[in-house]
Amino acid sequence: MGSLTYIAMLVFVVVATLPLEVLLRTRVWARLRRLALTLVCAATPFVVWDVLAVRAGHWHFALDHTLGVVLPGDMPLEEWLFFLVVPVASVLTLEAVRSVKRWPVGDEEASP
Amino acid sequence: MSYTLLAVLAVPVTVVLDLWVLRTRLLTRRAFWVSYAIVLFFQVLTNEWLTSQVVFYDSGAISGFRVGHAPVEDFLFGFGLVVQSMAWWVWWGRRGVQRETPPGPRPAVVRLMRSARRTHR
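Going down the list, the protein sequences come from chains R and Z. Just so you know, we're using numbering that gives the first Met the number 0 here: the first sequence kicks off at 0 and counts up by one. Just so you know, we're using numbering that gives the first Met the number 0 here: the second sequence kicks off at 0 and counts up by one.
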């Protein structure tokens, strides 16, 4: 898939989880403020890890399999988007399971 | 520090964050483990896609144990990112930030399942 290899995978994850918003009423994207706060708190340490790991040479990216947009940290655009897409997909999955099974996740009104 | 060491450290850090710092206790909940199993399935697929074509690792920084092309360290990294994402989501909800599901159309699948269950009785 050449330069679309990485972005195609991200698009796949978004497209695969987006229907949950309507079908299972997960309403994660609809709660943007909560989602944004979650992303800032959860993704930041992993972005820092990623940037430092690239600097330390633990891993590197085949830029010819990306769109070619290189952002700060010497990382392709897709790698930054990864830390948006994966947390959102994770939260969507949790909300989807709650929606179907009615199991508590810990933020319920009367939760301990 | 190697990726191996950092990845192994990420697991207890994540556990401590969930159980004692945020006190979200997701790791004790069935909803989490079922969700994680689903996420893990897709992680195996998508990470194989990436590690076979896009991301390459320094052999000196990893243990060498792999699942397909993906170093096992990636699964510890992924565990941390997934658990922390869910934990912060629950934490902010518990603090009252958009805790409730906003109004919208009835969830089609849930409605279908309920009516199916009703006809079975």
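No wet-lab data here; the hints were simulated from the structure. Where is the CB? At the ideal position from N, CA and C, for every residue including glycine. Errors might be hidden in some of the hints.
A short, non-exhaustive set of chain Z residues, derived as facing chain R with CB atoms under 7 Å [unchecked claim]:
{"no.": "1", "residue": "Y2"}
{"no.": "2", "residue": "W32"}
{"no.": "3", "residue": "V33"}
{"no.": "4", "residue": "I37"}
{"no.": "5", "residue": "Q83"}
{"no.": "6", "residue": "W87"}
{"no.": "7", "residue": "W88"}
{"no.": "8", "residue": "G92"}
{"no.": "9", "residue": "Q97"}
{"no.": "10", "residue": "P101"}
Please verify that hint: Z/W87, Cβ, nearest Cβ of chain R, below 7 Å or not. Check passed: Cβ of Z/W87 comes within 4 Å of chain R, closer than 7 Å.
Minimum beta-carbon distance criterion (7 Å), Z/Y2 to chain R: holds, 5 Å
Minimum beta-carbon distance criterion (7 Å), Z/W88 to chain R: At about 5 Å, which falls below the 7 Å cut-off, the nearest Cβ of chain R leaves the hint on Z/W88 intact, so it holds.
Does Z/Q83 pass the interface hint, meaning its C-beta sits closer than 7 Å to a C-beta of chain R? Given a least distance of 4 Å, the restraint on Z/Q83 holds.
Interface hint outcome for Z/P101 [beta carbon to chain R under 7 Å]: With a closest approach of 5 Å, the Z/P101 hint holds.
Evaluation of the interface hint that places Z/G92 against chain R, nearest CB under 7 Å: With Cβ-Cβ at 3 Å, under 7 Å, it holds.
Given a cut of 7 Å on the nearest C-beta pair, is the interface hint for Z/W32 held or broken against chain R? violated, 9 Å
Is the hint on Z/Q97 kept, meaning its closest Cβ partner in chain R is under 7 Å away? Hint on Z/Q97: holds, closest Cβ of chain R at ~4 Å, below 7 Å.
Restraint satisfaction for Z/V33 [CB to CB of chain R, less than 7 Å]: holds, 5 Å
Against chain R, is Z/I37 within 7 Å by beta-carbon distance? holds, 5 Å
When each numbered hint is compared with the structure, a violation occurs for hint 2 only.
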